[in-house]
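> The primary structure of each chain is shown beneath.
Protein chains: 2
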Amino acid sequence: MTPSAHVDGGRLWGRLMDLARFGGGPEGSVDRQALTRTEIAARAELVRWGRALHLEPATDAAANLFLRLPGSEPGLPPVLAGSHADTQPNGGRFDGAYGVVAALEAVNAFRDAGLVPRRAIEVVAWTNEEACRFAPGMTGSTAFASGTLTDAVAEICDADGIRLGDALAEVLAADIGLPRLPLGRPVAAYVEAHIEQGPVLERAGIPIGIVSGIQGTRRYRVRVIGEAAHAGTAERRERRDALMAAIRMVAAIDAAALEPEDVKLTVGLFQVAPNAPSVVPAEVLFSIDLRHPDDAVVARVDARIRAIVEAAASPCTATLRQIQHDPSLEFPPALRDLVAGAAADLGIAHRTLASAAGHDARHLHGVCPTAMIFVPCRAGISHNPAEWAEPADLTAGARVLTETLWRLAMR
Amino acid sequence: MTPSAHVDGGRLWGRLMDLARFGGGPEGSVDRQALTRTEIAARAELVRWGRALHLEPATDAAANLFLRLPGSEPGLPPVLAGSHADTQPNGGRFDGAYGVVAALEAVNAFRDAGLVPRRAIEVVAWTNEEACRFAPGMTGSTAFASGTLTDAVAEICDADGIRLGDALAEVLAADIGLPRLPLGRPVAAYVEAHIEQGPVLERAGIPIGIVSGIQGTRRYRVRVIGEAAHAGTAERRERRDALMAAIRMVAAIDAAALEPEDVKLTVGLFQVAPNAPSVVPAEVLFSIDLRHPDDAVVARVDARIRAIVEAAASPCTATLRQIQHDPSLEFPPALRDLVAGAAADLGIAHRTLASAAGHDARHLHGVCPTAMIFVPCRAGISHNPAEWAEPADLTAGARVLTETLWRLAMR
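Residue numbers (the working numbering), protein chains in the order written: chain U, 1014 to 1424; chain Y, 1014 to 1424.
No wet-lab data here; the hints were simulated from the structure.
A few of these clues could be false.
What the hints assert, rightly or not - Interface residues of chain Y toward chain U, partial, derived using beta-carbon atoms under 10 Å:
#1 1021
#2 1226
#3 1234
#4 1250
#5 1277
#6 1291
Note that CB positions come from ideal geometry on N, CA and C, so glycine has one too.
Full structure from sequences and hints, please.
So this is what it looks like as structure tokens:
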């Protein structure tokens, strides 16, 4: 009997719904932003679940949370599996949470099977994947992979002016009795299970996606500075209207990214000051999120964006700041084959697909063999309370993850 | 010696700067939004100033503040003069405050001259002219002129969900010992002094503008409903991106209002939800402020705006709500002539000009002979910390106001 036979879909689902209560609102919504008290509470629940399974909880300077199942050969680097526990401000119950809970289910299955792997297996919840409160995101996996949490990262502030470093300190202060592991320690492999956040698997009717790689991403902030004026008196030709300048930019940027049609361009954040109906806006800050699997396409749209911001600013001034640039990447074929073999041996249908979204796996990919397992989600909807995945698919994903982790941990 | 000879420019300027400390910030900025604790404090200061001059402070159900100089014939309806004490969130020191302080200076001049008018003269500060916290604005003057504060107005909420009715109650509760006058009581005349908020007088080098009328205004809120989606995975052709739909609308509305060139069209408020960089926006709420002296032009642009909102919404849905419609108006020539005569007798240069901005005078115009006196402000800048008016011009305005009020109160 393989350890994956001990995967309990009901238990997995139960933990997922329990976790969704932290920050949970109406109709499936979850607001559990990174490093908030809500996330601290969810984190404490994860520690309790780990302790109940006699796992060893630990953290690090980036407040990543680890729940370690010890191996029989303590000197070997561990295998890591997990995702993140933070959500968007009006997110759903599956993004991130599924990867953490699926990894915990895998470890639970080993415990139930009475199996001890050679290598330790660590369930991990990375800090601030989502970037909605502190941007850029993937703070925990970046710090873990690079071996350092930089001063620049600690100085990032949220919308209320709270420093990321201070929010981290608050989370770590709430960790009673957790050992603090070093950043940058050796890892044998990393596997992340996640909802697809796209429609491919659902349309194909296939429960398991083996991720070939992650599309390239650039993220920007554009600040447009104009001048406040009275809406009723300032002549339009004499205005320096920051909103109208920003509108021209966004309209042109949207048009510039229409080709090829699979370019993902999003302006998700758009803030106006003073944001009063009778005042010509003095300032606008907006975000641009640009993604495509082909780095050449990303570079081409990037050049257009920069040209548009410069050309459309007048009579205002505008500055564009690129806050993130992740080239596209391909996960190692050998590990993808190992995951595919695990799925095949379990008789679970699977296919290869690219990840359109960024994930913490991007950063682990830089330091150890890394794989991702996708499961379908309804209509591809994510970052939305309507996020939904079928329990049967979630269970299939956890079984493939369990089998994969077992094979990796016995190597 | 006319009473206007007793106008003291230094005292006027001192009171203006004193008032600016309530909500005052760096570089001339004032944030004294309607019915806030800051405005309550400013109001209390006005009451103290009034009591020091032995004026009779009073209020009404709309929390308008009156400082009454009694006349020799108490049975006659009073002459009112004033403006508003609230400001935009990042406003300046002159808009509104000048009209109140200038009226107080006029009454102070009568006291200094030992003159008692036939009619009482009341200095007034109207509630919530600005509309930035509770929209639409001019709450106090509207209620005063119509004789009632409607339930619908009391139910208007600010961005924090606070009801206007509750905010009013808090202000009235802070009024210790002020008699509560009825709304809709008879008034002999109303005169409002104000900075021009436009460049005409400054460019002409003329200190006094006699306002011919106020341009027509329509104000709207447009709500665009789309669907939240993941910025990295949702295909653009399948998105219902509320921000991109709103951008298309605003760009088209801006273009539709380019002719004639003196149409004032402003989108000052633009709110995005969930407003997160990695989430396709689900909802946008934006304001439109449309003004022109010719009602036919306003009507033509109005029709275009409605057509654009309907046409540009797809694949989102959009609703347009007109929250205010004030036709253009003309102040009575007889009273304008009286103001012009006062200025001429004082040897102060003056000219006629239209008001591009709305003012409380609009509503008093419906119930009594009403006039407005403009003074120049630097570069026409208003609703902005950089708002500035020359002390000599402010003094000239107060002198013309004083002479005007004297003539009206002796009729």
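> Each of the hints needs a verdict: does it hold here or not?
These are the hints, each one checked on the structure:
1. A distance limit of 10 Å between C-beta atoms decides the matter here; for residue 1021/Y the minimum to chain U is near 29 Å, and the interface restraint is violated.
2. Interface restraint check for residue 1226/Y: the shortest CB-CB distance to chain U comes to about 13 Å, outside 10 Å, so the restraint is violated.
3. For residue 1234/Y, the suggested interface contact is upheld, since its CB lies about 8 Å from the closest CB of chain U, less than 10 Å.
4. With its C-beta approaching chain U no nearer than about 6 Å, residue 1250/Y sits inside the 10 Å limit, and its interface hint holds.
5. With 10 Å as the threshold, the beta carbon of residue 1277/Y comes within range of chain U, its nearest partner Cβ sitting at about 6 Å, so the hint holds.
6. Taking 10 Å as the C-beta cut-off, the interface hint given for residue 1291/Y holds, the closest approach to chain U being about 6 Å.
Comparing the model with each earlier hint shows violations of hints 1 and 2; every other hint is respected.
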